[in-house]
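S.K.: Sequence order for the protein chains is A and B.
Going by this note's numbering, the first sequence wraps up at 430, each residue one higher than the last.
Going by this note's numbering, the second sequence wraps up at 353, each residue one higher than the last.
The hints are simulated quantities; they were obtained by calculation from the structure and are not laboratory data.
Accuracy of the hints is not assured; some may be wrong.
Stated by the list, open to error - Straight-line C-alpha distance at most 20 Å; calculated PhoX-like pairs for lysine-lysine:
#: 1; chain 1: A; residue 1: LYS61; chain 2: B; residue 2: LYS343
#: 2; chain 1: B; residue 1: LYS134; chain 2: A; residue 2: LYS206
#: 3; chain 1: A; residue 1: LYS417; chain 2: B; residue 2: LYS342
#: 4; chain 1: B; residue 1: LYS147; chain 2: B; residue 2: LYS183
#: 5; chain 1: A; residue 1: LYS417; chain 2: B; residue 2: LYS108
#: 6; chain 1: B; residue 1: LYS130; chain 2: A; residue 2: LYS179
#: 7; chain 1: A; residue 1: LYS420; chain 2: B; residue 2: LYS108
#: 8; chain 1: A; residue 1: LYS417; chain 2: B; residue 2: LYS275
#: 9; chain 1: B; residue 1: LYS130; chain 2: A; residue 2: LYS7
#: 10; chain 1: A; residue 1: LYS420; chain 2: B; residue 2: LYS326
#: 11; chain 1: A; residue 1: LYS206; chain 2: B; residue 2: LYS108
To be verified - Covered stretches of chain B, as calculated for chain A (at least 3 residues, CB under 8 Å):
#: 12; segment: 107-116
#: 13; segment: 162-174
#: 14; segment: 190-198
Unchecked claim - Between beta-carbon pairs, the in silico distance windows are:
#: 15; chain 1: B; residue 1: ASP238; chain 2: A; residue 2: SER216; range: 28 to 38 Å
#: 16; chain 1: A; residue 1: SER37; chain 2: B; residue 2: LYS170; range: 29 to 39 Å
#: 17; chain 1: B; residue 1: LYS72; chain 2: A; residue 2: SER216; range: 25 to 35 Å
#: 18; chain 1: A; residue 1: LYS269; chain 2: B; residue 2: ALA328; range: 40 to 50 Å
#: 19; chain 1: B; residue 1: ASN129; chain 2: A; residue 2: GLN315; range: 32 to 42 Å
#: 20; chain 1: B; residue 1: LYS72; chain 2: A; residue 2: THR160; range: 27 to 37 Å
Where is the CB? At the ideal position from N, CA and C, for every residue including glycine.
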Amino acid sequence: MFNDFIKHYNIIRDILRDCFLYGCFSRDGLESKRNVSSRKVSYEMRRIQQYVEDKYIKIDKDGRYKLLSLTYDFLRHTDNFLVNTYMTRSFTRTDLHTYFFILLFIQSQKDACSSNTIENSLAQEGCLSFDRISSKTIERKLAEMSESIGVLSYETIKRTKYYSVAPDILSQLNNDELKELLIAVSLYKNVMFPVTAGYYCEQTIKDYLNYERHASAEKIDFFNYRHVHFHPVIEEQILWEILYAVHQGRKVKLNYHSPKSQTGGGSSKVLSPYKIRYDVRHGRFYLISFSNYGKCIVSRLDRIENVEILDEIFQRSDFVEVYQKQMCCSWSSVSLDEAKAPENVKLEVVVDELTEGYIIDKIMNEIPDGALEKIDNGLYHVSFQINDSGELIPWIRGYAGYVRVLESPQLAERLLKDWKEMLISYGIVQ
Amino acid sequence: MELFNEVKNRYFQLVFRVINECTDGKAKSDIVRIIDEGEFEQKVIGKNQQSFADLILNRCNEDENLNLLTEKEGRFYPAVESTGQPGCMASNEAKQNDLPPLPVRFTKIEKAWLKALLGEPEIRMALGNKTLEKLQKELDGFNSPIKREYFELTNTIKLPEITQREAYEKNFSLLLKALIQEKPIRYSNTDRKGKVYENMLALPVAIEYSMRDGRFRVSMYSIDDKRPIMANIFTLSDLRIVDEEVGLDRETAKQLLFEQKYSEEPVILEVTDRKAAMERCFMCFSGMERTARDLGDNKYEIRLNYYLFEEENLIRNIISLGPYVKVASPQRIADEVIRRVKKSIEMYNEKNG
């Protein structure tokens with residue numbers, strides 16, 4: 001009906017991510033970075049500007065270039081504005097007509113109705129024109145509304161389906177309990193994946209209070225979040241498809257895209273999707289799956305273009321042990337190579353015992369299964385294992401001035417090189 | 001159902017709301033107002049330049065009008081309705097039972113999420129037993145693909161277990177109540193250094209959840225100290241809601257937090273985009289107001305506005321990003337980064353030399 005909407009979320013996914021994460025690329029800059037046409041970039045940027053509220057959009061100018069960025073402040077803005085970009089799927093006039101007329105009609109009836117009754121009644125009243133909408137279309141919409149969306153339910157009697165409004169699971173809750181539920185949903189909507197579903201849920205409860213109970217829902221703005229990133233929502237359509245496959249025990253094929261190439265990188269590998277790992281620090285989703293040969297495959301969700309869910313099934317229980325073995329010593333996403341053992345790491349931590357004792361607690365809280373040994377006053381050793389010490393480097397850097405690597409020498413060398421390079425970048429040569 | 005589904009399209013939802021708002025008839029101006037409030041700021045335009053309001057109010061030609069509403073004596077009603085008037089269905093169970101013209105029901109995705117919510121370990125702090133039990137019973141047979149066992153959170157902080165769960169949960173409920181009623185509280189607390197604060201007066205501003213450590217904390221405005229503070233919920237004792245006049249409301253307290261704690265000057269970083277430094281940088285600072293520009297030669301400038309209480313974390317994050325991220329200003333922060341890096345090198349030199 002409107003050109004403003006899109007059929008597939010993937011159409012805006014990459015550009016949305018670039019605008020959100022970077023915001024420093026002009027149309028031309030994005031064009032060269034992503035290897036897509038300037039027309040497409042400009043078109044999709046316009047869409048994003050339409051979908052996202054003005055207060056989150058920043059437009060700067062750099063010479064003749066216009067720079068679009070999406071930005072927020074974690075304390076002032078607690079609603080994830082990127083969720084709005086999911087409320088943009090295109091629909092046809094027939095989609096709209098059939099959905100609402102079917103729902104209006106079924107709600108107005110005392111008894112469940114067959115597809116024929118619905119069709120004939122709506123035709124008699126002149127609500128739907130059957131020059132345009134066929135019986136098959138009505139049947140398809142009824143199937144979608146009951147089996148896929150779930151707002152209708154049906155009972156089959158003598159091979160005929162009789163449709164009614166889906167049971168009301170909130171009917172037993174009084175208004176105070178509904179408001180309590182709304183508060184709980186409001187609290188968790190930003191932290192339980194997929195968060196988009198949480199936002200949908202919140203809106204439905206508000207609508208329910210309003211239209212089914214004629215009660216108002218007060219604004220809930222008393223929750224704040226730390227370390228909650230907004231950008232992972234961009235990958236939630238893919239996440240949802242993967243979750244479905246994980247839950248059904250169905251194997252998948254993943255098609256990746258490369259940011260610099262227009263041609264999608266296909267994957268012929270058949271994988272058993274096992275677990276989603278979410279790196280809280282960076283806000284990144286990873287899928288851990290296993291190939292038919294038992295190899296552990298780690299895939300970043302932002303690099304997956306689409307998921308092909310196969311009919312072939314797998315047993316989740318087959319991967320419990322191997323997952324534990326390969327991922328237990330990973331801080332984020334690096335799996336343990338076959339025939340390799342985790343690396344041993346030993347750190348020396350030096351603090352002022354009186355004023356900086358909390359640093360030791362902090363470090364120990366951040367290291368999974370670390371062992372602490374007090375060597376002297378203000379001097380500690382911390383030992384642990386990790387699949388790949390490369391994963392540790394950013395974390396160790398964050399404790400600059402407190403931590404020295406004792407084991408392994410290679411890791412120590414890498415860090416020392418980093419420190420020296422950092423000083424050089426500030427113009428200091430030691 | 002796909003997460004990206006047309007029934008969740010903003011305009012689909014708007015149609016839903018308009019129809020339900022018209023139960024008892026609505027004037028054209030009221031409908032236009034509802035549409036104005038629900039539309040995108042940049043409105044959609046149909047193929048023949050019709051506005052969405054034109055389509056809903058049947059102001060286009062007959063082929064284009066949606067006809068989901070019927071006009072009667074200057075007011076608009078749902079097209080399928082019960083008054084026995086033309087264009088309306090005969091029976092009308094909904095009207096008789098005071099039901100809306102369109103029922104409000106969860107979709108399957110929402111039910112899946114809701115069922116997962118009921119399994120969250122700390123859900124009892126926000127949901128009463130009765131509510132929880134009723135929902136659990138309703139969703140008992142529902143097969144949700146959202147399960148905790150399918151996820152693992154990494155790079156988290158594992159804090160020691162809270163031993164006094166009961167007090168923690170009781171405090172949480174009380175603080176939530178204080179926030180809903182916008183009432184001040186009195187409490188006692190002991191800080192990290194062992195200093196005891198007794199019978200303190202504060203106005204709760206928000207409950208804060210940290211995804212890294214999974215802890216709830218309370219953000220308050222201390223009336224005694226006249227400043228915003230943050231406290232662990234489980235360490236508060238003798239907590240109670242009071243009816244005292246505190247001279248400010250929650251919104252003002254929030255504004256004070258924003259104003260008093262926001263840095264006057266941004267941190268400006270110069271990033272060389274090697275080893276995905278830009279991406280790592282933006283991911284790290286995604287919750288901060290920021291702007292960026294291309295300096296050419298694979299270098300970028302990023303300006304970050306931050307809260308003063310976040311400065312230590314900010315410095316640590318900047319250093320953790322490594323050699324390709326440099327503080328251009330303020331000099332004070334650049335000096336602190338240099339000091340820590342020099343200290344790190346000294347630690348190695350001392351041992352080796």
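S.K.: Give a verdict on every hint.
M.R.: Quick rundown of the hints versus the structure:
no.	hint	in the structure
1	A/LYS61 - B/LYS343	violated (40 Å)
2	B/LYS134 - A/LYS206	holds (19 Å)
3	A/LYS417 - B/LYS342	holds (12 Å)
4	B/LYS147 - B/LYS183	violated (37 Å)
5	A/LYS417 - B/LYS108	violated (53 Å)
6	B/LYS130 - A/LYS179	holds (13 Å)
7	A/LYS420 - B/LYS108	violated (55 Å)
8	A/LYS417 - B/LYS275	holds (15 Å)
9	B/LYS130 - A/LYS7	violated (42 Å)
10	A/LYS420 - B/LYS326	holds (13 Å)
11	A/LYS206 - B/LYS108	holds (17 Å)
12	107-116	holds (count 9)
13	162-174	violated (count 0)
14	190-198	violated (count 1)
15	B/ASP238 - A/SER216: 28 to 38 Å	holds (35 Å)
16	A/SER37 - B/LYS170: 29 to 39 Å	violated (60 Å)
17	B/LYS72 - A/SER216: 25 to 35 Å	holds (28 Å)
18	A/LYS269 - B/ALA328: 40 to 50 Å	holds (45 Å)
19	B/ASN129 - A/GLN315: 32 to 42 Å	holds (37 Å)
20	B/LYS72 - A/THR160: 27 to 37 Å	holds (35 Å)
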